[in-house]
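Participant: Below, each chain spelled out in residue letters.
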Amino acid sequence: MELDWSQEAAGPVTLVHARLQNERATDRRVSLRNCLDGPVLPPRRHGVPEAGWDREGPTTVVPAGERVAIGYACPAPPADPPVVVDEVTAAEAPTSDDTAATAIRELGDHRPPRAVLGGGSAESAIDAASAEPVNERPDRESQDSEPSADEPSTPQPIDEPPASGSRYDGLADRLDRSRTRIRTAEALAAAGVVDATALLETNGGLQSVESLGATLDADARELRALARTASTLADRAAAAAPPIEALRRLS
Amino acid sequence: MIVAVASGKGGVGKSTVAYNLAAALSAVVVDGDLGMANLPADRGPTLHDVLAGRAAACEAVQPGPVTVLPCGRSLAGARAADVSKLSDALAAVEREYGTVVIDCPAGLRADVGVPLSVADAAVLVAAPEPFALADALRTRELARELDAPLAAVALNRVVDEPPTPTVRSTLGAPVEAVPADPRLGRSIEAEAPIVDAASESEPAAAFASLADQIERE
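The listed protein sequences derive, respectively, from chains Y and Z. Sequence positions in the first sequence follow my numbering and run 3 to 253. Sequence positions in the second sequence follow my numbering and run 2 to 218.
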């Protein structure tokens, strides 16, 4: 069994690429062992690792005379070699696949969505935010503001409805959602082991908190973009003055 | 022995069949409908607690006219339930009580797939109508995929002559027609399974025959 590997550092994780070539005339089952100083992060569906994957590494069948490419991520710095062939066996009988795990992988999630649990809890906030397209608002804001700065001559209807309460409500809601997420993250960081466990449970487990991390990054980007747009608008608001005198002479 | 009672459609009387079948088999009936529980529950831990790791499966079993492992009724509980723990929970109850009947939810999601994957026999419940048959067919395919042998089909709430030969040839399993009977409809709420409440009745005979069918598996 020929193993050819490469690796690539991507922030805190290392991406390991492995290419296997079976030169024999029979199908063979290969177990790869991760040599990096961390667990393999297996691909998952509905929280269940793909068949043949565990924390040590993947196991796959390489058909006779064929090549198979496989890759994984590991939260550890690169090392040499990152992966080795652990075991090669004949692949005549399929491994006893756990059908319960298969059922969970293949079928839809049974759980009701977090949003239906009601209450302004952090949980519903996480879901509500992931349901809405990230960055939508700042993009729209910047599209609204910037072109008009370049083309002031374009006639714009002035009598557009005044900024209604609901518009500010939307913005306040948006900020509230970020605020709740930030509070949750801060509470998790400050909590002791016991509190953290309880918090983890109420926040939907480790997976949800992992996605909370990603959402917080998006929050930071979004809020900075919002701040930039807001300060540009504030500058323009201060500088702009309607030519009231001239307009009075016209009427 | 673990018997999964499933149906593609909801509302065909799956829980009623599971409850009465468990009575006929002297089995424990597990309410596997994590989102919408149907079977009677007293105070105490439920399947939600078992699947969230807060209680052992046998602690949640409640005695009654039919021994029940009830399911919680909160959405938060359904969300916290880890369905991958269900196979171990069912195995634990089977070790203690011998025969377990699990009332699966409607649909084809993981909470149906896991019971089917660990079941030694599956019973499909269908209404004697063409549209219900199509759904039962889909569930039969899922049971086949997950290696759950189809032991019998219960045609529930039969009023006229049931289309038994058609169902038999479509689903490829023995068909038991369960006549419509108000006592059956009330059996869960009244906690009075038909084999006890009206042991001489036609529906009671149907459940006894269904139980025979399964024991022969």
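You may find that some hints are simply not true.
[Said to hold, decoys possible] Going by beta-carbon spacing under 7 Å, a handful of chain Y positions derived as facing chain Z:
{"id": "1", "residue": "A102"}
{"id": "2", "residue": "L109"}
{"id": "3", "residue": "V118"}
{"id": "4", "residue": "L228"}
{"id": "5", "residue": "A229"}
{"id": "6", "residue": "T231"}
{"id": "7", "residue": "A232"}
{"id": "8", "residue": "T234"}
{"id": "9", "residue": "R238"}
[To be verified] Quick list of simulated restraints, FRET-style, between CB atoms:
{"id": "10", "chain 1": "Y", "residue 1": "E212", "chain 2": "Z", "residue 2": "M37", "range": "27 to 37 Å"}
{"id": "11", "chain 1": "Y", "residue 1": "D6", "chain 2": "Z", "residue 2": "G173", "range": "43 to 53 Å"}
{"id": "12", "chain 1": "Y", "residue 1": "R69", "chain 2": "Z", "residue 2": "M37", "range": "47 to 57 Å"}
{"id": "13", "chain 1": "Y", "residue 1": "R69", "chain 2": "Z", "residue 2": "D83", "range": "54 to 64 Å"}
{"id": "14", "chain 1": "Z", "residue 1": "G11", "chain 2": "Y", "residue 2": "D6", "range": "50 to 60 Å"}
It is worth saying that the hints were derived from the structure and are not from the lab. Being a predicted model, the structure only gives us computed values, none of them experimental. We put the beta carbon where it would ideally sit given N, CA and C, even for glycine.
Participant: For every hint, state whether the structure bears it out.
Facilitator: Going down the list of hints, with the structure as the test:
Annotation: A102(Y) was flagged as interfacial toward chain Z, and the flag holds, the nearest CB pair being 4 Å apart, inside 7 Å. Of the supplied interface hints, the one on L109(Y) holds, with its beta-carbon coming within about 4 Å of a beta-carbon of chain Z, less than 7 Å. Checking V118(Y) against chain Z by beta carbon gives a least distance of about 6 Å; that is within 7 Å, so the hint holds. Given the 7 Å rule on beta carbons, the hint for L228(Y) is violated: about 32 Å separates it from the nearest Cβ of chain Z.
At a threshold of 7 Å, the smallest CB-CB gap from A229(Y) to chain Z is about 35 Å, leaving the interface hint violated. Because the smallest distance between the Cβ of T231(Y) and any Cβ of chain Z comes to about 37 Å, over 7 Å, the interface hint for this residue is violated. Restraint check, A232(Y) versus chain Z: the minimum CB separation of about 37 Å is more than 7 Å; hint violated. Violation of the interface hint for T234(Y) is found here, the shortest Cβ-Cβ separation to chain Z being roughly 42 Å, above the 7 Å cut-off.
About 47 Å separates the beta-carbon of R238(Y) from the nearest beta-carbon of chain Z, more than 7 Å, and the hint is not met. The given range of 27 to 37 Å is respected by E212(Y) and M37(Z), whose C-beta atoms sit roughly 30 Å from each other. Checked against the hint of 43 to 53 Å, the C-beta distance between D6(Y) and G173(Z) comes to roughly 49 Å, which is consistent with it. A beta carbon spacing of about 49 Å between R69(Y) and M37(Z) agrees with the range 47 to 57 Å that was offered as a hint.
Restraint check, R69(Y) to D83(Z): a C-beta distance of roughly 38 Å breaks the suggested window 54 to 64 Å. The given range of 50 to 60 Å is respected by G11(Z) and D6(Y), whose C-beta atoms sit roughly 53 Å from each other.
Checked against the numbered hints listed earlier, the structure breaks hints 4, 5, 6, 7, 8, 9, 13; every other hint is satisfied.
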